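Put together the whole structure using the sequences plus the hints.
Respectively, the protein sequence lines represent chains W and Y.
Mapped onto the numbering used here, the consecutive letters of the first sequence carry residue numbers 1 to 198.
Mapped onto the numbering used here, the consecutive letters of the second sequence carry residue numbers 199 to 396.
FYI, nobody ran anything at the bench for these hints, they're computed from the structure.
Since this is a predicted model, take the numbers as computed values, not measurements.
Treat the hints loosely; a few may be bogus.
[Claimed, not checked] The calculated lysine to aspartate or glutamate pairs, modelled on EDC-like cross-linking and capped at a C-alpha distance of 20 Å, are:
#1 W:K37 - Y:D237
#2 W:K56 - Y:D233
#3 Y:K222 - W:D91
#4 W:K24 - Y:E336
#5 W:K37 - Y:D233
#6 Y:K222 - W:E96
#7 Y:K215 - W:D50
#8 W:K53 - Y:D264
#9 W:K24 - Y:D237
#10 W:K17 - Y:E320
#11 Y:K324 - Y:D266
#12 Y:K251 - W:E13
#13 W:K24 - Y:D289
#14 W:K37 - Y:E383
#15 W:K17 - Y:D233
#16 Y:K215 - W:D35
#17 Y:K235 - W:E100
#18 W:K24 - Y:E285
#19 W:K56 - Y:D237
Protein chains: 2
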Amino acid sequence: MEHYAAPINHLIEELSKLPGIGRKTAQRLAFHILDMKGDQVVRLAQSIVDAKKLIKFCSNCGNMTDKDPCSICGNVKRDKSMICVVEDSRDVAAMERIKEFHGYYHVLHGTISPMDGIGPDEINIKGLITRLNNDVKEVILATNPTIEGEATAMYIARLINPMGIRVTRLAHGIPVGGDIEYADEVTLVKALEGRTQL
Amino acid sequence: MEHYAAPINHLIEELSKLPGIGRKTAQRLAFHILDMKGDQVVRLAQSIVDAKKLIKFCSNCGNMTDKDPCSICGNVKRDKSMICVVEDSRDVAAMERIKEFHGYYHVLHGTISPMDGIGPDEINIKGLITRLNNDVKEVILATNPTIEGEATAMYIARLINPMGIRVTRLAHGIPVGGDIEYADEVTLVKALEGRTQL
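Following this line, the structure appears as structure tokens:
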């Protein structure tokens, strides 16, 4: 390490702060960057700065966006009757990829987690409640099936249920292509409970 | 992919051009960068631009450096009688790490590779020859033990031998901690040839 010139060491150091990038990988990346053409290097650095600078949260749904409202909230052709609640923007992208959901989203930016000092006010629940007008007929709680995700879904369900809006949760079960033998017991119980008639 | 805002997609695209960074990893890195503090992001981008901008090749040995001559060539306390010839700057760092070699280096920036159209004039051999004054007693050819590395070493040896300078090559053998059972045959032959007396 100390045997490279200072700017190389500095680059390796910065790269190795990234998740999943160890010392060796950072070195490999650094030397690749030094081998790249000047304009390619500038483009890489610029894309990093730009993403951070241009990306904001949609003031309506909380999704990451470079314009406000975001392209989904700004699309009047979508189904006003449904809002899918997710933990973060990556989950919006995952849902959009399946091309089966045509409603709007609401991004919580986390889950309720008392252990980490994150209560209902620390995540974007208030914003969701203010969006629930007469057009909204169903709220799908697509938080992750973790303890925090389930607790957050329960909390929101209890808030919304009295408003006469249908509240649903994504189904649990054996993943497609998964093996029953290797499914964990909780998943198997959920799969049995949610069995469908053929 | 197409479901993220443009600056995020652009960042993912740039990151996935790096070696060993697939689509999924690029996405993970991109969202990590978006989560980072603004000044951390600027520092990362700046380290990329700076490394590319500040790093040049030492006009004497060809090593990557931010000053010319590099810190090794500029160190008069090193052993003038030895020059270790390597393929690239990473090899200089590897040699420096062992703290056993105290001479100077010469970086070839590649190997002779007729298949890729790289002849002796395309790599930094001429620069090596001009450095061979009366102080130099030994040239260690530490090119990689590949076909190209061996051929390059052979070529340089034939140039330097008539000058009455000792030319050596790093020893081949079983790696320390390696298993004889799993050593390839060529390595084993070299290890046998180079056996030492106890």
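Looking back at the hints listed earlier, which ones does the structure fail to meet?
Hint check: 1, 4, 5, 8, 9, 10, 14, 17 fail, others pass.
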